[in-house]
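Line order of the protein sequences matches chains H and A. Quick note on numbering: the first sequence equals residues 1 to 258 in my numbering. Quick note on numbering: the second sequence equals residues 1001 to 1268 in my numbering.
Quick caveat, the hints were computed from the structure, so don't treat them as lab data. Please read these numbers as outputs of a predicted model, since none were measured by experiment. Hints are not guaranteed to be accurate.
To be verified - Stretch-level coverage of chain H by chain A, calculated; a stretch enters the list once three of its residues show a Cβ under 8 Å from a Cβ in chain A:
id, segment
1, 36–50
2, 85–99
3, 104–114
4, 124–130
5, 176–184
6, 202–211
To be verified - Some chain H residues well away from chain A (every beta-carbon gap over 12 Å; in silico):
id, residue
7, Ala-20
8, His-33
9, Gly-120
10, Ile-151
11, Arg-172
12, Leu-194
Unchecked claim - Covered stretches of chain A (chain H as the covering partner; in silico rule of three or more C-beta atoms under 8 Å from a C-beta of chain H):
id, segment
13, 1029–1036
14, 1055–1062
15, 1128–1137
16, 1140–1148
17, 1167–1173
18, 1183–1192
19, 1243–1249
Built from N, CA and C at the ideal position, the CB exists for glycine as well.
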Amino acid sequence: MIGKYVVRFAALGYLTALLAAPLGYVFWRTFRHGLGPAWAAVTTPDAVHALKVTLILTAIAVPANTIFGILAALAIVRHRFPGAGIFNAVVDLPLALSPVVVGLALLILYGRGGWLGGHGVVFALPGMVLATIFVSLPFVVREVVPVLREIGTEQEQAAATLGASTVQTFTRVTWPAIRWATAYGVVLTTARALGEFGAVSVVSGRLAGKTESLTLYVQDRYQSFDEVGAYASAVVLALIAVTTLLLMTMLKPKEETR
Amino acid sequence: MAARAAALPSPRARRSPAPGLAIGLTTLYLSVIVLLPLAALSWRAHGWDAITSAQAVSSLKLTLGVSVVVALVNAVAGTMIAWTLVRDRFVGQGFVNALVDLPFALPTIVAGLTLLALYGPKSPAGINVAFTRWGILVALLFVTLPFVVRTVQPVLLELDTEMEDAAASLGAGRLATFRRVILPNILPAILSGVALAFARAVGEFGSVVLISGNLPFKTEVVSVYVFGRIESGDAGGAAAASVVILAISFAVLLAIGGFRRWVTRHDR
C-alpha cells in the first residue's frame, strides 16, 4: 500500500517542480506590486501592437488549417491514393521539425535570391503568417483522422444510397460525428499559433511595433532587462494558454464518451 | 430491373468528384506550405564544413545526448504520472490531469522564462541551472512532459484489471505483476510517446534559448546553432545543418509510423 503513495508523491512532486511552481512564481512576481505596473507594462504601444500581430497570425492560420485539416483527414481515411504514406508523414512533419528550420526554409524560399524572392514576404507579416500556418498545420488532421476511421463508411454509404448529395452526406452524417474532434483540433491549433516563436523569430526581422508578435516581444523585453514587461506579457500569454487548457478539458470528455 | 438499378444513385459514382478534389486541394496546400520551402532549403544547403565544423558537431552531439536523457526520464516520469491519473484516486485529480496539457498550450518562450525565474540566477529556491546543460535538460523536460503521459493514459484506461487480479491470485507480487502483466501491455504506448518526446527535444528552440545561454561547445543546442548561422548571414551553412535536423525528424516520424503499424498488425 505504501508503494501507491510513493508513486503518487513522486508523480505530483515532478509536476509541481517542473510546471506548477515556476508558473505560480511568475504570476506572483508579476502581481506582487499589484495590478498597476503589470497593466502599464502590457498596454504600451509596442505591447498592444505585438498582441495585435499575434491575433492576426492566429486569425489567418487557424481557419486555413481547419479547412485543410478536415479535407486532408477525409483524403487520408476515405481514399487510397498513390503516395498516401508520404502524404501522412509530411502532414506530421511540422510536429517534429525544429521551428528554426521552418523559418529558415521560408527565408530561403521567399528571401533575397530565393525562388519566390522579392515580394516582401520575409521580414513582414506574410512570412510570419506562412510560418504560423506551417507549424500549426497537423493538429486538426491528427484529431479528425482517428474519429473518421472509427465511424467507418456505412452511414455515409447509406446516406448516399438514399440519394443524399456529397454535400448533404457531409453536413448531415460526417460533420456531426467529427465536430468535437475538429473543435479539439482547433483549440490545439490556436494554442500553437499563438505561441509560435522560433519560426516567426527567423522570418520576422523583429522590428518592434511592426513585425513583433507577443512571443517575440517577451524575449525582447527580457533581453532589454525590462523584467516587469517580460513577465507581464508572459503572463498574458500564459492566461491565454490556461483558457485554452480549460477549453481542452471541457471538450475532452465529449471525445471519450462518444 | 436493369433500368431500375440504373436509376438508383450509385454511391461510388456520386462520391467520386469530391475525393479527387479533396486530395488535389490538400496536396496543393501541403506542397505550397510545407514541401516547397523545404525543397528550397535542401537546394540551398551547401558547405559540409558547416556540418562538420567542431562547433556544429559539438552542438549536434549535445542535442542528441540531452534528448536521449529527456526520453529516458519521460519514460519513467510519464508512466508514473499516467499511472497516478488512471489508477490512483485523490482530491484535485481533474486539475492535475488538465495541468499535464499545459506544456502543449504554453508558448515555449514563456516556458523558458518561467523556468528561468525559479531556477535561474535570481532563484528564490537557491537553485541556478541557467547557462548549464542542466538548464537545457529542465527546459526540454518541461516541453516534452505530456507526450508519454498522453500516449500511456488511454492504454492504461482500457487495460482490464482482471489479468492483474489473476496474476496476484497466482502469487505474483506487485512488482512481478507490473513487470510481467502491465508493462508488456503499455510498452508500445511508452515507446511511441518516448519517440515523440525525443523528436520534439531534438528540434526545440524557444524554451532553451533563454536558459541555455548558448555558449558554443558547452550549452549550444543544434537549433540555436542554426539560428546563429542565420544571424551571421551564412544561410548555406544554416541550411546544411538544417537538412541534418530534417533527416533526423523525418526518420523518427517514419520509425514511429512503422512501429505503430507493426504493433497493430493483428488488429486489421
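Looking back at the hints listed earlier, which ones does the structure fail to meet?
Of the numbered hints given earlier, those the structure breaks are 1, 4, 5, 6, 7, 12, 14, 15, 17, 18, listed in rising order.
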